[in-house]
Amino acid sequence: MNGGHGRLASRWLPTPTLSLLLLVVWLLMVRSLAPGQLLLGLALAWLIPLITRRFWDPLPRVKHPLKLLRFTGHVLWDIVKANLHVSLLILSPRRTPHPGFVEYPLEVQEPLTITLLANTITLTPGTVSTNIRLDRSSLLIHVLDLDDEQALIEEIRQRYERPLKEIFEC
Amino acid sequence: MNPHLLILPILLPLVSALGLLLTGQANLAWQRRVSLLATLALVGLSAWLLWLSDDGQIRFYALGDWPAPFGIVLMLDRLAALMLALTAVLALGCVLFASAGEDSQGSFFHGLFQLQLMGLNGAFLTGDLFNLFVFFEILLLASYALLMHGSDKPRVAAGLHYVVLNLVGSALFLVALGTLYGATGTLNMADMARRLVELPEDRQVLAGAGALLLIVVFSLKAAALPLYFWLPSTYAAAPAPVAALFAIMTKVGLYAILRIESLIFGAGPGAALIQGWLWWMGLATLALAVIGALGARDLRVLAAYLVLASAGVLLASAGLDTPQADAALLYYLVHSTLITGALFLLAELIGIQRGKAGTRLVRARRLRQGTLLGWLFLVAAVAAIGLPPLSGALAKLWLLQAVDATARPWFWSLLLLATLGVLIALSRAGSVLFWASHKGDTSGSRVQPLQLAGVLCLLAGAPLLALFAAPMAEFTLATADQLATPQRVLGALFGEPTALALQTEESP
Amino acid sequence: MTLYVLLEWVISFLLVAGGLFAFTGSLGMLQFKDFFMRLHGPTKGTTLGIGCILIASMLYFTVTQGDFHVQELLITLFLFITAPVTGHILAKTGLHMHLRFITGTRGATPEFLDEDVGQHRVERPPRPKRPKRRARARRWL
Amino acid sequence: MSLPWILFLPLLGALPALTRPYRDTPGPQWLPLLPPLLALGLLLAQGPAILGGDTLSQGWAWMPQLGLDLALRLDGLGLLFALLILGIGVMIQWYAGYYLSPKENHGRFTGYLLLFMTAMLGIVMADNLLLLWLFWELTSLASFLLIGFWSQDSDARRGARMALTITGAGGLALLAGVLLIGQTVGSFALGEVLAAGDLLRASPHYPWILSLVLLGAFTKSAQLPFHFWLPHAMAAPTPVSAYLHSATMVKAGLFLLMRLQPALGETPAWALALTGVGLATLLYGAWFALLQRDLKGILAFSTLSHLGLITLLLGLGQPLVALFHLLNHATFKAALFMGVGIVDHETGTRDLRRLGGLAALMPLTATLTVTAGAAMAGLPPFNGFLSKELLFAASLESELLGGLNPLIPLGVVAAASLSVAYSLRLVHSLFFARPGGEPPEAHDPPRGMLAPGLMLAALCLLVGLFPMALAAPLVMAAGQAVLATPPPALNLALWHGLNLPLAMSALAVAVGVLLMSRRRLLEQAFQVFGRYDARRLFEQAMIRLTKISLGITQRLENGSLQRYLALLLITALAMAGLGLSRLERLTGELALQPLDGMLVLGAALMIFGAIGSALSHRWRLVSLLMLSVVGLSVSLTFVRFSAPDLALTQLSVEVVSMILMILALFFLPQRPPRWISTRRMFRDLAVAGSLGLLVAGFNFALLTRETLSIANFFLRESVPGGGGTNVVNVILVDFRGFDTLGEITVLTLAGLATFKLLSRLKLFMPAGNVEGIHWSSHRHPMILAVVAQILLPLALLVTVYIFLRGHNQPGGGFIAGLITAVALILQYMARGYEWTRERLPVAYNLVAVSGLALATLTGLGSWLFGYPFLTTTHGHFSLPLIGDFELASALLFDLGVYLAVVGATLMILINLGRVTTVHRPRVEEH
Amino acid sequence: MEALFSLVVGVLTASGTFLLLRGRTFPVIVGLALLSYAVNLFLFSMGGLNTDAAAVIGDSTAPSDPLPQALVLTAIVIGFAMTAFLVILAVRARSELGSDHVDGKTGEERGKG
Amino acid sequence: MLDKALWISLTLIVLALAMNVIRLARGPDIPDRLLALDTMYVNSIALIVMLGLWLNTKTYFEAAMLIAMLGFVSTMAICRYLLRGDIIE
Ligand code: NA
Ligand code: NA
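Protein chains in written order, with the working numbering: chain A, 1 to 170; chain B, 1001 to 1508; chain C, 2001 to 2141; chain D, 3001 to 3926; chain E, 4001 to 4113; chain F, 5001 to 5089.
You may find that some hints are simply not true.
To be verified - With a cut-off of at most 30 Å between alpha-carbon atoms, the simulated DSS-like pairs for lysine-lysine come out as follows:
1) B:K1356 - D:K3547
2) A:K63 - A:K81
3) A:K165 - A:K63
4) A:K67 - A:K165
5) B:K1153 - D:K3103
6) E:K4105 - D:K3762
7) A:K67 - A:K81
8) B:K1153 - D:K3762
9) E:K4105 - B:K1356
10) A:K81 - A:K165
11) B:K1439 - B:K1356
12) B:K1356 - B:K1153
13) C:K2033 - A:K81
14) D:K3547 - E:K4105
15) B:K1439 - D:K3547
16) B:K1153 - D:K3547
17) A:K81 - F:K5004
18) B:K1153 - E:K4105
19) B:K1439 - D:K3103
If you are wondering where the hints come from, they were derived from the structure by calculation, not from laboratory data.
Build the full structure now, drawing on both the sequences and the hints.
Rendered as structure tokens:
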């Protein structure tokens, strides 16, 4: 999310994406496009990242915003699917699920990327990420209904980790 | 009169506290200077207010320019002025004493001390029940903090009890307050009184029940019988200047009781119940306090029981509810506050020079300044026992006279027996501390000028109150008269709009 | 007019679906046999359920009050940021605390997974039991 | 006028004494002696007028509200006593100059003595009963100091305390009596009281008044059974004893009896009490005087005896004789003490058995002592003889006891015999007998030390020889004051002719000599009585009193908070229950609202959470989780019942409190505590249940009744007056902004207080969690850190939003402050203290205090415009580009609130969190 | 509804009181928290239990009494300050007295669990 | 129609909350209870939003937002307590 257009820009507008997000959120909250609110929103969108900059680790840059959008869409759809699946599993009393732990070897290494991956895994079909190794080499996943461990790992790799990697160009 | 004068007793300590907390935290000399100056100014201010109040007029200050009963109103009558002045003098003694070194034992002493004063003054000035709650909390939290100043084991142990009990007290306060608001629909005490008489009977009963609960809460602060057990260990554990300031804390409870009794129960049917309660609990407190004093094996504990004994006397007298008794009570209140405060300070000085024995009543090494401390102790003890020619004797004379002995033989017997008990306890303490010493070297640091000044500031009350007994008595009689006629408050607050300091002016 | 009817249908559907998702999420939490399985319901079902209800609310207010109401997105945003993290950390805690999982759980045994989990326990303090004998009679106060 | 001078001049003498407390040469300090001498001169100057029957009086109001005036009078009675007090006082001070060693603090001694003198003078000169009482108590105090003068001596300390306790108690009884007199008469002025004798005697309170006054007088003048303090007061330096026994203290009791005789006397009860007690004391004192081995002991018991005698005379209705004997006793007893003191001083012992044969060694001392001793024995031609003869005569006249009348002369003769015996014994064994051991080496002291004693001894002789010239006028004048009527003529002469009293005297001398020679037998008889020691009994009683007191106190204050809490709650229950029980119907007039599922669920949640957290209290974390359910449900309740601000506040406070409690849990013991007894549980359940019922009752009663509240004003004025549509917020920052100022003061105080508490914390650091599992080695889970980063800017944005809308919509500075605080705490949680500290190097206490300061300054701002503190202003402004907007000064106030909240909250939480980080734990648990 | 509300307040009070009497610092803290919930609800209800009546001018037609709400707000904050102090005091007491019993070691030895 | 949907949804949420309570009471372990509590927080967001729909007001909206934002923090705090004991290191 780091803009990084020269020193000045990075000094005075360290994270344009964040600033944009904040402005949007502000306008969402105040539900108004009045000049006053716009101005205030701009000021906040500029000031808050400046104040909180020191709290941010160096961030990977978003290279492909469009891919990010697509990825988000995918994930949302998966979430709905996952929920239908899990709901059915919960509501049908006959079928007993076969839970299991899967150790997923990580390719991405940036904290933000790993976090996004872990969160995505948690939100999507029958999986909850449970632990990240201290050396970031793998991610332990609890699966509600485990059939094929390798297939699952491959699916996650293709569907989530690769796109994430592309988005941040690791 | 400057209309803002009324709020100054609250703002002055607040602003000085802010100054103290914001600047020069490390510079103790600066802190002391500011704190002393602020307290001196408070003494002057409250003296002025005392003088003002003596014209019998009740003054109000409408905060935020909102009229009563909607906004919060401060109220200055003789009683409030008296309590303010007493607090200021007591505080001056404590600050002087603390500035000799006690204040360096922990952080923020002076700032917290000023906030404590703010809480006390606010509680004395406010005419609004909820605002009273707020100021109670301020003064309580400040007192918790001060109690923990330079904290050690006994302080923490006693502090925990003190804090928990008071927190429960605060919860009960809110229930009582809610009940009173629910029944009367207002928070201003005078307005409450005004509405009460017009309410249907069931609301009156409910309000009365709420007020009874309020009395319990105040009795906790005032240290009435089943609720006082926390006091001795807490006061004995507190740092000397703080313990001395605490001498006024029980009086805040009593003050609140007097206010409620005068304003809310003045008209209602619950008065007899309240007075019965105060009367018997006061007497029982007195009896047990003297028993405690007789059994005390430490001067600080003894002093704490003297605080308790004075609380007992005050509560029982408050139960009498005659102007004479109220006036005598107020005279006694001023006397006992100053003297018990002085005793706590003295105990500290004595303890310092007695080596390991401290203030425990055992044979120990000779005091380094036995003569000086002995004389001071003598004066304090004479006043505390109620021997002539100091204020204690006059206070006792008056209290006894305010009661018809044949109607209430208990009071006379108990008060006289209590005097004897305190006499036995203090003469034993004095003879152990100053006479029964080991031969040999003395140790401990000498009394510092500031400490001496602090003690003298409080102790001077005893001869001065005796010397100027007549004007003082006149003032307290007028105060009691003002308390007995709460209608005047109503008249001044709601009857004549001009009486309201700033109400008539337009809102900005 | 038909738009409104349609929207009403959509809102109603979202509400009911949201309620159902939230319900199944909690039901899963109640039903499943071990902690890690119970975790699945709330992290997904409830989150999505609330999301649906929020969107329903958004639509409803936008329709009835005429102007644009999208604050609910903000809540959804917060939820979608925090819910998985909660799930993750809770699972981590569960692992750390040696919560048992039902027999038949497949895959890598987490005890051997990480330097972080699966350490030996400190000696477990005995749980005090209610004393058998009545304690010595005490005064009432 | 000179009355106040006479009274207060002696006190002035203390000043020069105290400035030069130590001396290098023996002898009196003249400077401190001057003021009392001057007072004596002034007194003598008034003498003729008083002897002529005048009464001088002078007064100032002191505390007129009490009837307490600084009113002085000098009449015959006062003159007699004042002469004794000042005259003997001066001599004793003179004498003491030699008696005390140069190492002793003369200044302090003189100071005490002069204080004592003033107090005594005050008693005899008071023209107001309350004033009299004040001085009365002052003598107790002064005597305490004097008796305890040799404080390193435990006897002196104990004697002093005993004297103070007994006479102090008597003083309190007297006070009660005086107040009763005042209530009966309506005044404390002596003149009015004395004139109201008939009223007093007729009053139903008379028995009380009499008993109380007599109690005061008898304790002071050491009458049986309050006599025991006096012999032990001899632990004091001898000059003190001389003064105490002769002219002051014990005489105060007699003075009081004489003073109040017109008001209270002349009733059978009076006469009987005085006669009975006097006779008993007379005999008792005389008997024990004979058995003493200590020189001063003899004198002390003889004083008892003579005081009994004077009381007896008063009882017999012979005040003139009583006065005369009082005068005589004062002179010879003072002289005797001085003589004995010299012996003690020169030989270093007071034990009779070790002394003897001193007549040759100390001729002048012997002369002095023998003269005074003869007076004490009642031998002619000394003054004691005269008064004893009169006593015999009076005893014969008495008809008080009816058939038992002869008992009085018999008793008197017996006592007289004893007094001859002990006087003889004293003189004989000191000066003429062979000493028990080594013969002591001694010689007469300097002249200066002898002079006062010799003068007094001479006075004994002179009064004996010329009674009518030297004593009669004074006694007559005094008698006039006592009797209130002109006294009968007093005929004083050595030779009365051969009559029964003379025979009785002769008999007494004969028996006395016999007794003295058969003393050994008596002493054996004394052994039979056993070693009865009043002091030991008294001290044991005191110790028992102390122990019992301590026992009671410890039984009550057992240091158990649970008990104190239970008492508080029970008291509240009782009082509020009493109030509520007077309500006729609990249900009020309002119709009840219907229930719905949401309400039932909410109620169920709260009840579940409350009971759950109570039941699981031993598993703290579970209890805390249950508590959170309640907190959440309370917030939902606020939402349900239209209090959005409350809901927001409750939610945010909830989170912060939760974090705080978890922080604290880490420092508390990890294992659940023991079970407690079922019995206790039942008590607690009963208290808790009743209190719950009570509060529920209050709540229901109020909920079903309509409130006529002042709310409409706020709803009406909120927009026009406060400039905001969120009335709750307008109340907080405007209508009742003062409360809010107090509230943030409390919050700031909490921050400062916790900072203080944490400054010296010793830590216990558990090794594992409640389940016994070691802490994870993963300090900062990555995923949490990342999310915390993301949430921070969003939270700050929300903060601004909540803050700005507060005046018009739910929100405000307080909630905004808590959101900021929580967002920052999340950073600390996710990344640790040091990491966050580096990025946020802010002193939170300064933030909190600045917030408070900002709020205060905003309030003060209104002063500039002449409005009261915290008056707000608001207005519409319009700027190009931005358009219309509204600003209220309350916003600034709210900003103060925001800062105070952020600062205080972080100060509390971060400081607690910090302690493990900055100060590594010193104590490891397990 | 009024009865149910009062019942809840009563139960909260009773549970809080019961915890207060438990003699350990942490239950006392929790008990006080429960008690203050009860008290706040009580105080709040003095303005009446109204639905859809937020005291925001323009938002509701018959706004409820805002004063008790303001009072409760202040009470919540003060309660929080007090709780915070008590919590820290409990920590301090534990470190100073060696026990989390409210009476310190002596209380523990007395066997009052 | 909308009313019915709202009613159904509300009932479902109320039931969900009831189930959370059961899990909270039953445990058996602290993470279970914590999960139940966290779910309660989330479900109450729905409750508040639906109350807003029912009353046709957005006055209470911020309460829901606060729960979403802050409920998470207290859950994290407890987890940290269980994992590390010391929540601010
Ligand atoms: Na009501
Ligand atoms: Na820490």
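key: Unsatisfied constraints (hint numbers, rising)   = 5
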